[in-house]
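Q: Sequence:
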Amino acid sequence: VQLQASGGGLVQAGGSLRLSCAASGSIFSINTMGWYRQAPGKERELVAVITSGGSTNYADSVKARFTISRDNAKNTVYLQMNSLKPEDTAVYYCNADMSTTGWYWGQGTQVTVSS
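So our numbering is basically just the index in the sequence shown, starting at one, shifted up by 1495.
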């Protein structure tokens, strides 16, 4: 199983980006999928998660600005990021809980927000 993240880049404060993360390989079903981020010198932190049924949970710092969604037919999770702030700058990682083989992480995608 592999998770391939994409969509990061450089954006000005107030701008938007959409991250995607596609799972491939031997997949029976996927439970929770999520996005985490790690800024330089800081620990990795939860950004948002979504269950197979569509329930979501967000870090307080991104509520009302970020939206997580998923396409179960494509085994893909998305993160729409609006009103970006310089403090959102980090490497963003996706992860997924495969029902038969456990948790997997994607390779990370850099998001840089300039002021």
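Check before you lean on any hint, since a few could be wrong.
Taking lysine-lysine and the DSS-like style, the derived pairs with C-alpha atoms no more than 25 Å apart in a straight line are [stated by the list, open to error]:
(1) K1537 x K1558
(2) K1580 x K1558
(3) K1569 x K1537
Since the hints were derived computationally from the structure, they do not count as laboratory data.
Q: Compare the structure with each hint and give your call.
A: Each hint, compared with the structure:
1. K1537 x K1558: Roughly 20 Å between the alpha carbons, so the hint for K1537 and K1558 holds.
2. K1580 x K1558: Holds, because 13 Å separates the two Cα atoms, which is no more than 25 Å.
3. K1569 x K1537: This hinted pair is violated, its Cα atoms lying about 32 Å apart.
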